[in-house]
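K.L.:
Assemble chains U and C onto chain H, guided by the hints.
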Amino acid sequence: MSDITLRDDTTPEPAPATEPAPGLLPGELRPHPSPLRYVVIAVVLSAITAAEVSLYYLQGDIPDALIITLLLAFAIMKFGIVASWYMHLRTDRPIFANFFVLGICSAILLYLVVLTSLQIFS
Amino acid sequence: MSTATETHTPVPVRTPVLLRRPKKTTGFWSWFTTVDHKKIGILYACTALIFFVVGGLEALLIRLQLAQPNGNVLTASQYNQLFTMHGTTMVFLLGMPLSVAFANYLVPLMIGARDVAFPRLNAFGYFGFVLGGMFLYSSFLLGGAPNGGWFGYTPLTSTPISLGALPGRGPDFWTIGLIIVGIASTTGAINIIVTALNMRAPGMTLMRIPVFVWMMLVTAFLTLFALPIITVALIMVFFDRNFGTAFFLPTKGGDPLLYQHLFWLFGHPEVYILILPGMGVVSEVLPVFSRKPLFGYPVVVFSGIAIGFLGWGVWAHHMFTTGLGPVAISAFSLSTMLIAIPTGVKIFNWLATVYKGAVRLTTAMYFALGFIAMFTIGGLSGVSLAIVPADTQQHDSYFVVAHFHYVLFGGLVFGLFSGFYYWYPKVFGRMLNERLGKLNFWTMLVGFNLTFFPMHLLGIYGMPRRTYRYPSGFGWDTLNMIATIGGFLIAVSVLIFIVNAIVSRRRGAIAGPDPWDGRTIEWSIPSPPPEYNFVEIPEIQARDDYWHYKYTEDDDGMLVPLPSGGADNVHNAAVTRLAAAPTHPIHMPSPSFYPLLVAVALPILGYAAVFHSKWYAFVLLPIGALTLAFGVYAWAVEPATADEETH
Amino acid sequence: MATIEQAPPPSPPVPPGPPEPAGHPPAGTGTSNTKLAIWLFLSSDCLFFGAFISAYLLYRSRHQTGPTPKDVYSIPFTSVSSFVLLMSSLTMVLALAAIQRGDLRRLRIWLLATALLGSVFIGGQIFEFTEFARKGLSLDTNLFSSTFFVLTGFHGAHVTIGIIWLISLWGLATQGRLRQGDAEKVEVAGLYWHFVDVVWIVIFTVVYLIPAPK
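Chains as they are written, first to last, in the numbering used here: chain H, 12 to 133; chain U, 1033 to 1679; chain C, 397 to 610.
Chain H on its own, in the form it takes in the complex (with noise of 0.2 Å):
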């Protein structure tokens, strides 16, 4: 029986490159969007949050469930625009994105346990 591990002679797969691509951050594989673009983005975070705004007025007039769905839905894109165009997760190297998606989903996952168990829905 063999007692020692052989030596691991496969090439040592390529450490990422740390030089960025010229104009890039460390850390960052494509370049930001241009000023232009921040602008688009914000005028549709602004019409999905008017979109919201309408919403809440509407309540009443369409089921409660439908609204909440709605406003969920709502702030999930919000969310999901923000962090991916303004914080660059699109463009940066996925660790960033992996992450946070870590303390998002376990902060969801985590809370609803104790929030059904403390029995808000029932």
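In case anyone wonders, no lab produced these hints; they're calculated from the structure. Heads up, a few of these hints could be off.
[To be verified] Think about it this way: if two alpha-carbon atoms lie no more than 30 Å apart in a straight line, the pair counts; the simulated DSSO-like pairs of lysine-lysine are: (1) U/K1470 <-> U/K1388; (2) C/K531 <-> U/K1284; (3) U/K1646 <-> U/K1284; (4) U/K1055 <-> U/K1071; (5) U/K1284 <-> C/K466; (6) U/K1056 <-> U/K1071.
[What the hints assert, rightly or not] Incomplete in silico selection of chain C near chain H, CB under 8 Å: (7) K431; (8) L443; (9) E583.
The C-beta atom is built at its ideal place from N, Cα and C for all residues, glycine as well.
P.N.:
For chains U and C alone, coordinates are given in the frame of chain H:
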């Protein structure tokens, strides 16, 4: 980070000199300004050991009180303060910082880095911990120590001071003190994660880093995600006590169970924060003293990660008796049993590592084997507690006390003591005395089992936790006396260790760079390591890189020392590899006052919060805020490495 | 951060262009330490705000004495201040784009604009709090008020720290000590700022807009 200028003309940017930059890297005062991860690691370890002694003395007082029925050593109020501070100390001021001590010292050495990613943040983390601990202990002089248990259950702790469910300001000190320590731990966790991910030497891929580094990485993630949860709970308790809110006061609609959920959402990952470092140490010690590689490295690593994830899904097993409902109880019971699987896998991996190895029974190996045995007992009683009917019977009894001491003392303390004996030669360049070490081990093993094994029986016989006195006639008397005797034996054992550590510092045998024929690269550099750790950053070729530098194997799988020197010359070969004097200047981070300054601001603000209704709070608040602001600004504009010409 | 393989040498004058890469590459993640650290902190902060939001959801309609959410909320007002905070994220990314182009004048303008919008938001929050107090809702009135004030208060504290951070950067920029190569400093402050913004996106929806169960 980068500081390229925008114009061709060099703009001389003088950093405004706020405090003269400390230069000394030796001598007494250098310890207050050091940013060297090795010195900070030593500081962490020494401070944590002091808190270990203090927490141990508290435990001895508790054991004296309980040695006989109707004990008269302590009053009920003193007992409450002591058992609260014993638990708080051992978890927050011994367990976490001592693990961080090992991580601080070893993670950079093991991954081939010159320092951690954020050296000044590292110093801040240490000072935050020690000042937070002193803040907690200052409560003894300022109106009574925390007295609501280390778990601080509400509404007992959260009832306003005017209603006086608990006398004194203890819970206020407890909440604020733990927030301070928590801030320090969070910065430490971020530092360890970034260091382990970003500072590795070329070729040191994630599947080549030592298991200890892996376990500290998982621990750091658990710390990072667990501490914000308890911070919120502590803030709410503080508001309830002081600002008239009722988050956890049932009389005004609050729900004490929310506190228990938040606390145990933190508290259970905390258990793994405390045990994973011990597992990491053992995973380094066993292969070296068995002269075999760790059996199933990837399995051990993934088991550790699995424990890290599953550790988040079991918190409600601390709350089985609160009426969670059958669905929740079944689910958490199952998940608790599930977590025994990766833990068991690790235990079998360790056993397989030792199996058929050329075992050398050093003290470090004794403690590592003791860890496996004791931790297994603790794990088994844990599985039995996962069974809800048994848990309902044993909840809040001494059975639980026995269980978690087997896990935390039998696991964490045995594991880290193994680490002391293993790495002391690297840190101080001298060996710990092996005879005293063996004595240390046997007294601790016997004392530990004398103390905590009877508690299983006491719990089954119905003795409740957290009671300062018990009547005679329940069959508890003898067992309690045995436990007390065992407690004093542990104290003797710790004393032996301290004597050993102090004496060996001066008189121990010279260790040399590689006294154990080690496997990982920290043994390839001199003991103690130079300030810059590695003259040349090593190129890592394999897992257990240093071992493969020293040995190869022939066609029959037998170990053959590499020709760079022959068997007895292996060390020389290694030393010439990496211990030559540096031929080029190595820029190391310079010492700084500001981490200490920022850390000092925290307890000042803490006192302002605790005494917010007194006039002097309005003196402390601006002092603390200004100290904080000044410290942060000065830190931000101070370059990490001082300019050459200022030297 | 300042070990030899990580930190660039103290800035030699270089022509405008991309930041100089650091020394030889470590086997790291190919990212900078600072950015990794701020993301770790932000993911940790998710659990911090998550706990407060959960407490709010659990408590908002429980044990009601005194004013309820419906009695005190002014949705038009809060919508405007939420919009202001949302737009501050736009000015923040414009500041980053400016420093990456080397346009230091616009950098200063956008940094200041972001801090200003943040201050408007905080001013709105202070106004809202005093307005609530006038309507008889203070921290200790009921569980709704306690959770509301603590949640939005800690969010406001985060915004305030962000404002101080931005103004400090602006101060550095006016002194000429924030140059094109320092884009990452703006990026990191921006990440914190956007995080505070996305947390408010959640708070605005969950706390203000979603109707409480009857």
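K.L.:
Does each hint fit the structure? Answer for all of them.
P.N.:
The hints, checked one at a time:
Proximity of U/K1470 to U/K1388 is assessed by CA-CA distance (about 23 Å); at most 30 Å being required, the pair is judged to hold. Using a Cα cut-off of 30 Å, the hinted pair C/K531 and U/K1284 holds, with the two alpha carbons roughly 21 Å apart. The hinted pair formed by U/K1646 and U/K1284 meets the criterion: a straight-line CA distance of about 27 Å does not exceed 30 Å. Among the hinted pairs, U/K1055 with U/K1071 is consistent with the structure: their alpha-carbon atoms are about 15 Å apart, no more than 30 Å.
Using a Cα cut-off of 30 Å, the hinted pair U/K1284 and C/K466 holds, with the two alpha carbons roughly 21 Å apart. Distance check on the hinted pair: U/K1056 and U/K1071 sit about 13 Å apart at the alpha-carbon level, within 30 Å; holds. Residue-level restraint check for C/K431 holds (minimum Cβ-Cβ distance to chain H is 5 Å; threshold 8 Å). Annotation: interface hint on C/L443 holds; nearest CB of chain H at approximately 5 Å, less than 8 Å.
Look at C/E583: its Cβ gets to within about 6 Å of chain H, closer than 8 Å, so that hint holds up.
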